[in-house]
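Build the full structure now, drawing on both the sequences and the hints.
What follows is the residue order along each chain.
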Amino acid sequence: MDAHIQVKNLNVYYGKQQALKDVNIEIPKNQITVIMGPSGCGKTTLLKTFNRFLELSDGTQLTGEVLVDGQNIYGREVDVTEVRKVVGLLAQRPSPLPMSIYDNVAYGMHIHKMKKDRKEYKDAVRHYLEIAGLWEEVHKRLHDPATSLSIGQQQRLCLARGLAVEPVIILGDEPTSALDPISSQNIESRLLDLKQQYTTVIVTHTLRQAKRLADYVIYMYLGEVIEAAPAHEVFTNPQHERTKQYLEGLF
Amino acid sequence: MSQSDKINTPQTVTKTTGRVIRPVAVSRARQNSFARRTFFGFTLLPVFLILIVTIALLVRSWPILNAYPLSDLLFGDVWKPTDGQFGFRPFILGTFWVTVVGVVLSVPPCLLASIYLAEYAHARLRSIAKPVLDLLAAIPPVVYGVWGLLAIVPFVDKVLAPLSDRWLGSVSIFAVNQPTGFGILAAGLVLAVMIAPLIISVMYEIFSTVPNDLRHASLAVGATQWQTIRNIVLPQVAPGILAAIVLGASRALGETIAVLMVVGNIPQIPTSIFDSAYPLPALIANNYGEMMSIPLYDAALLSAALVLLVVILIFNILSIIILQRMMRQKWAS
Numbered sequence: 644m645d646a647h648i649q650v651k652n653l654n655v656y657y658g659k660q661q662a663l664k665d666v667n668i669e670i671p672k673n674q675i676t677v678i679m680g681p682s683g684c685g686k687t688t689l690l691k692t693f694n695r696f697l698e699l700s701d702g703t704q705l706t707g708e709v710l711v712d713g714q715n716i717y718g719r720e721v722d723v724t725e726v727r728k729v730v731g732l733l734a735q736r737p738s739p740l741p742m743s744i745y746d747n748v749a750y751g752m753h754i755h756k757m758k759k760d761r762k763e764y765k766d767a768v769r770h771y772l773e774i775a776g777l778w779e780e781v782h783k784r785l786h787d788p789a790t791s792l793s794i795g796q797q798q799r800l801c802l803a804r805g806l807a808v809e810p811v812i813i814l815g816d817e818p819t820s821a822l823d824p825i826s827s828q829n830i831e832s833r834l835l836d837l838k839q840q841y842t843t844v845i846v847t848h849t850l851r852q853a854k855r856l857a858d859y860v861i862y863m864y865l866g867e868v869i870e871a872a873p874a875h876e877v878f879t880n881p882q883h884e885r886t887k888q889y890l891e892g893l894f
Numbered sequence: 010m011s012q013s014d015k016i017n018t019p020q021t022v023t024k025t026t027g028r029v030i031r032p033v034a035v036s037r038a039r040q041n042s043f044a045r046r047t048f049f050g051f052t053l054l055p056v057f058l059i060l061i062v063t064i065a066l067l068v069r070s071w072p073i074l075n076a077y078p079l080s081d082l083l084f085g086d087v088w089k090p091t092d093g094q095f096g097f098r099p100f101i102l103g104t105f106w107v108t109v110v111g112v113v114l115s116v117p118p119c120l121l122a123s124i125y126l127a128e129y130a131h132a133r134l135r136s137i138a139k140p141v142l143d144l145l146a147a148i149p150p151v152v153y154g155v156w157g158l159l160a161i162v163p164f165v166d167k168v169l170a171p172l173s174d175r176w177l178g179s180v181s182i183f184a185v186n187q188p189t190g191f192g193i194l195a196a197g198l199v200l201a202v203m204i205a206p207l208i209i210s211v212m213y214e215i216f217s218t219v220p221n222d223l224r225h226a227s228l229a230v231g232a233t234q235w236q237t238i239r240n241i242v243l244p245q246v247a248p249g250i251l252a253a254i255v256l257g258a259s260r261a262l263g264e265t266i267a268v269l270m271v272v273g274n275i276p277q278i279p280t281s282i283f284d285s286a287y288p289l290p291a292l293i294a295n296n297y298g299e300m301m302s303i304p305l306y307d308a309a310l311l312s313a314a315l316v317l318l319v320v321i322l323i324f325n326i327l328s329i330i331i332l333q334r335m336m337r338q339k340w341a342s
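Residue numbers (the numbering used here), protein chains in the order written: chain G, 644 to 894; chain C, 10 to 342.
It is worth saying that the hints were derived from the structure and are not from the lab.
There may be inaccurate statements among the hints.
Here are the computed distance ranges between Cβ atoms for each label pair [said to hold, decoys possible]: (1) G:G658 x C:Y125: 15 to 25 angstroms; (2) G:G713 x C:P118: 41 to 51 angstroms; (3) C:M336 x G:Q828: 35 to 45 angstroms; (4) G:Y656 x C:P118: 32 to 42 angstroms; (5) G:Q704 x C:N325: 29 to 39 angstroms.
No experiment lies behind these values; they were computed from the predicted model shown.
Think of the CB as a built atom: it goes at the ideal place given N, C-alpha and C, for glycine as much as any other residue.
Shown next, in the form of structure tokens:
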């Protein structure tokens, strides 16, 4: 397996409570990896270690390593903003920035001064809105506030905003849980389209979504990784009793 | 076990049902509504007090408002009650200068401190800093006044005035015309410290109205914390920052004892921050109750109080409206 993210001996503590216990996994390149498990099992915690979002809350401690392309993102010399540029995040609730649709997409590019002139920014904004499947709907009102969009459109805008800083990994923290079925489907098909170019890691609550999206599955329970394997193996022939029970909907 | 049996017996059921209105219940309801009305009355009291104070001031200052046009009072330069001259301009300008200097000195460090507390500081530091700030707010104004007399006035006199004289002497607002240390700058410095806890805590509240989702959205594309604050947080809180400043200003406007101890109390039109001044609250506090036999003197001082009250009320109402609107957005999101 061509691993894009490698997690080695990862332990995470919230205060005294241990949220992740000795996690060792590898996440394959240019596939969709789905992290599943019951509430409170540490799915989101694990996801947040990939873009160093965990350190935004007080009192979290972390030991172990997370390697992206072989480099430990918790290393001393690593610039956290570079990590987050490389590892994009699609949040649970769409969070458009309080500015225009155009500026939302251009925001990250401006932050990193990625383009030379207005025209380059304009072209890039169009490009990423097209990738996110939003261009047709918004090209006539690019300078309207982003909050004027529907919630499903907002989430695609957030996708465009994340992709605009040219990440290689996309994280999704239950990215469709706030959306209606049609908008969810729209996001899902975007993610499927994008998996050729990006390594995607999604946390999801819904088993059906996992089955639709996953190439690789990580099943977690009480802070531990119970099973991590290609999707067809996990879904057809789970190795562990816990996984089997979860897939059968026993809890 | 035996109790639940009792409840289920038909006897007790008939006892409680069918008797919706019992005498005891009526009296309890009456007590309750009495309590509610009484508490409501006491809650309304502050509103009435503001009205009563305003009306009383208006009535008592009516004689002078009747005798002179308002513009003569507000813009008159000369204050000689014995000659019947009641120009408030020196006092109004004194108040204005002292307040502006205090706010200008206070706001930049307060803004930086509140940004640090709200955006960067860990929970533990926050839990230490906030009580300390509250403590700073609890120091009695007269103590600030003494501190001003013993520390700030000499500091202005011995350090700041010579420095300003040397480097900025040609700029009229920094010119040292009355080298005593007592004056607008000393009062402004004392006020800056006095209003800081209020400004910091209001600004801190304002920062906390910005949803974390927005900060995270910005951080997630690789923005630094400072870029996030500058591009996302500050534009969101700008009106609230303004409200916090106005609130601080209204506190400074009304501050009396600490200011009058260090400001020099000379009724003149100030031209430099090193000049002495005589703000309205100091005028009222120093003179009310003395020389009351002079005609219209009482009315003049009370109209000064009225001016002060109206300005402070307007400042407060404006800032409260802005702040409440922001808080509502916080709960709505």
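Outcome of the hint check:
Hint check: G658 (chain G) to Y125 (chain C), Cβ distance near 24 angstroms, so the stated range 15 to 25 angstroms holds. For G713 (chain G) paired with P118 (chain C), a C-beta distance near 46 angstroms keeps the hint of 41 to 51 angstroms intact. Our hint of 35 to 45 angstroms for M336 (chain C) and Q828 (chain G) holds, since their Cβ atoms are close to 38 angstroms apart. For Y656 (chain G) and P118 (chain C), the hinted distance range of 32 to 42 angstroms is satisfied, since their beta carbons lie about 37 angstroms from each other.
Hint check: Q704 (chain G) to N325 (chain C), Cβ distance near 46 angstroms, so the stated range 29 to 39 angstroms is violated.
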